[in-house]
Amino acid sequence: MRYTFIPELFRQLFSKPFTNLFPLKYAPASIKDTLDKIKKGEIEINPPVEIPDKEIFRGKIQYDREKCIGCGLCIKVCPAKAIELKKEEKKIRIYVGRCIFCGQCVDACPKGALSQGEEFLLADADKLNKEWVIE
Amino acid sequence: MEELLKKLKERKIDFEIKEKEEGVKRKIARKTILIKIPRERLRETVKLLIDSSEDFPHFSVCSFTDYGKHVELNYHFTIDYGKPMEEENVVLRVTLKKDDLKVPTLTDLIPGTIISEREIKEMTGIEIENIPDGRHMFLTKDFPDGVYPWRRDETSPKETRKLYEVWK
Amino acid sequence: MRYEIPIGPIHPALKEPILLQLSVEGEEIKEVDVIASQNHRGIEWIGMNRNNPIQSLYIAERVCGICNISHPSALVLAVEEAMDLEVPERAQYIRVIQCELERIHSHLLWAGVAAHEIGFDSLLHYTWKVREKVMDILELVNGNRVTKAIMMYGGVRRDIKKEHIPKIRKMLQYYKEGFDKLAKFFLEDKTIEMRTRNVGILTKEDALKLAAVGPTTRASGVKKDVRQDQAYFAYPDFDVKAITPDMLTGKVVGDTYDRIVVRLLEVKQSVEIIERALDEMPGGEITSQPKIAKLLVDLKRADGEGIGRHEAPRGEVIHYVNLKSGFEPFYSWKIRAPTYNNIMSWIPMLKGCQIADVPIVAASIDPCISCTNRAIRIANGRKEMLSKEDLHRLSVEKTKKLMRGG
Numbered sequence: 000m001r002y003t004f005i006p007e008l009f010r011q012l013f014s015k016p017f018t019n020l021f022p023l024k025y026a027p028a029s030i031k032d033t034l035d036k037i038k039k040g041e042i043e044i045n046p047p048v049e050i051p052d053k054e055i056f057r058g059k060i061q062y063d064r065e066k067c068i069g070c071g072l073c074i075k076v077c078p079a080k081a082i083e084l085k086k087e088e089k090k091i092r093i094y095v096g097r098c099i100f101c102g103q104c105v106d107a108c109p110k111g112a113l114s115q116g117e118e119f120l121l122a123d124a125d126k127l128n129k130e131w132v133i134e
Numbered sequence: 000m001e002e003l004l005k006k007l008k009e010r011k012i013d014f015e016i017k018e019k020e021e022g023v024k025r026k027i028a029r030k031t032i033l034i035k036i037p038r039e040r041l042r043e044t045v046k047l048l049i050d051s052s053e054d055f056p057h058f059s060v061c062s063f064t065d066y067g068k069h070v071e072l073n074y075h076f077t078i079d080y081g082k083p084m085e086e087e088n089v090v091l092r093v094t095l096k097k098d099d100l101k102v103p104t105l106t107d108l109i110p111g112t113i114i115s116e117r118e119i120k121e122m123t124g125i126e127i128e129n130i131p132d133g134r135h136m137f138l139t140k141d142f143p144d145g146v147y148p149w150r151r152d153e154t155s156p157k158e159t160r161k162l163y164e165v166w167k
Numbered sequence: 000m001r002y003e004i005p006i007g008p009i010h011p012a013l014k015e016p017i018l019l020q021l022s023v024e025g026e027e028i029k030e031v032d033v034i035a036s037q038n039h040r041g042i043e044w045i046g047m048n049r050n051n052p053i054q055s056l057y058i059a060e061r062v063c064g065i066c067n068i069s070h071p072s073a074l075v076l077a078v079e080e081a082m083d084l085e086v087p088e089r090a091q092y093i094r095v096i097q098c099e100l101e102r103i104h105s106h107l108l109w110a111g112v113a114a115h116e117i118g119f120d121s122l123l124h125y126t127w128k129v130r131e132k133v134m135d136i137l138e139l140v141n142g143n144r145v146t147k148a149i150m151m152y153g154g155v156r157r158d159i160k161k162e163h164i165p166k167i168r169k170m171l172q173y174y175k176e177g178f179d180k181l182a183k184f185f186l187e188d189k190t191i192e193m194r195t196r197n198v199g200i201l202t203k204e205d206a207l208k209l210a211a212v213g214p215t216t217r218a219s220g221v222k223k224d225v226r227q228d229q230a231y232f233a234y235p236d237f238d239v240k241a242i243t244p245d246m247l248t249g250k251v252v253g254d255t256y257d258r259i260v261v262r263l264l265e266v267k268q269s270v271e272i273i274e275r276a277l278d279e280m281p282g283g284e285i286t287s288q289p290k291i292a293k294l295l296v297d298l299k300r301a302d303g304e305g306i307g308r309h310e311a312p313r314g315e316v317i318h319y320v321n322l323k324s325g326f327e328p329f330y331s332w333k334i335r336a337p338t339y340n341n342i343m344s345w346i347p348m349l350k351g352c353q354i355a356d357v358p359i360v361a362a363s364i365d366p367c368i369s370c371t372n373r374a375i376r377i378a379n380g381r382k383e384m385l386s387k388e389d390l391h392r393l394s395v396e397k398t399k400k401l402m403r404g405g
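Protein chains in written order, with numbering that gives the first Met the number 0: chain U, 0 to 134; chain P, 0 to 167; chain Y, 0 to 405.
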């Protein structure tokens, strides 16, 4: 019996980081100030990680209004009840704030009006802002 | 399995065997032995199950179906595990009338049944006779009495708020 | 003099809010009571009243975040039995590959947490570094890193692309080469042996009677593994053997150390299964019913019942489903998660242990772990907060004490 991990520990001192980089190297003293500075372009941050396979990535939902026939199949299969039918227009309204990104509506749509994009940095304080309610 | 079936026949307990094919290149049959018994013979059958299995019957879970006038309680067991492809499911089905919801406890025979029995008691309102520990298992302490989530009659929860519509 | 120490309701190494009521004499634990009734999500009720079966598949995926392929697997097995749905051969192989990928990542995650619980944080970071490889593959194959959303009644939703296969093989090679190193760190290190040998023992008899499942019961010497006993999907082709600790160490003790052995060996086994599955994967369709609208109608018309059993990383998952024609949600649905059975095995495990052992013993059955929580210590009528950090500190102190030879 011995401490088998010690040699590895020394090896780790000289190895490169294995995972993805954080946006900043060190935690900032004030997040708000840092965000402002990023907006002005004073600080550069490490970009988000690239998506490995864009074809199968399930990001923010995209809606092609023209193709939609208002059949309501997406509403029937949506597990999170994020989709609503606009009866008079026969179109749908999607609340991204409720979406769980399973992509079942994309599979179910008979006309191919729904698809999933590459956008995934979606944090916001307001659930009902314009970008989050797709019509 | 043979021993169990022989013993069941001796005691005149009816059973049926269902098979389902599994596998891709190598096909195997997945067997389920369904035993329908009255409440009075439940403990006797479980004892039979214990006596006739090599190790110990594995108790999985207890499920419940409400059919209106009567309810169905399924005790799911598996036997003969440890050997490749030889395990069988055993389902003990007890049918109870709505006005007489009572079953005997199995905790003294198989200690592992305690969680399921406590769950059945709180979720369906079936009384478990001689249960050593009758506290709530999963529902919170302040859950109202006389409301049973798994039932499909007047005792099922009524006032379920549609939380997903609140914030719109 | 006996003291009552509640650990929880929101606490030591658990995701679910649960309360462990410990009764101690000095440092030694004499009695244990597990009180689970802290929170109930009502998932079965939703599946039986509000959702149609396709929606329920996704709520099943969210029963547990880490084993998010296990619950859908058991559910599709149950529903396919109930409605006699065929599944194409290729889909069965893809399901096996997905399940084994999940096992690798879940066991490595657990190994890291176990190292953390005894205060061995450098090993935690090393293990999670190793785990990152399989997470990258999951992201590549499924699109997203955690929730896979791949199971569907009658098949799977996405195929494994040709161009992804070399990358998966590269990952398997990485694990094959790295396994011995990982096993050396975990099984030969003095620190881990000191803290886990003969701690939290579950005897074979107790494991059988309390109906324990998964690595918890296998570490006690019960050869029980659904993939071996009653194979499903494409598992009959692989001749999976249930892993018990005596395969490596030559003896079965049933302690926390044995549970580490079982999980590490299962990682190796999973790598071998994925490799064979990739070699032997047949071509063809990936689902027998690609039209969702048609599937919904079939599900509504179906009549019957089914039991789905799947070997999740933590143990056996069982779903019982009863379908009634004309009634859209499940007529009855019962989920049995592995921790449901394993929780009672805490009682014999914790008896006779010390308070500092609680985190590692509680974590050793691999309940869903996360969240910083706290415990309240009532000593001489005085209430003190014993936070997760304090418990962790106690645990680290014990490791240090043992290392000094005390």
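Keep in mind that the hints are not guaranteed to be accurate.
Said to hold, decoys possible - Restraint ranges, calculated between C-beta atoms of paired labels, are given here:
id	chain 1	residue 1	chain 2	residue 2	range
1	Y	48	P	49	30 to 38 Å
2	U	71	Y	38	28 to 36 Å
3	Y	297	P	26	22 to 30 Å
4	U	87	Y	284	52 to 60 Å
5	Y	392	U	52	38 to 46 Å
6	Y	121	U	38	34 to 42 Å
As the list claims (entries may be wrong) - Looking from chain U toward chain Y, a few residues come up when the C-beta cut is under 7 Å (computed):
id	residue
7	48
8	51
9	55
10	68
It is worth saying that the hints were derived from the structure and are not from the lab. The C-beta atom is built at its ideal place from N, Cα and C for all residues, glycine as well.
Enumerated hints in conflict with the structure, sorted upward: 4, 7, 10
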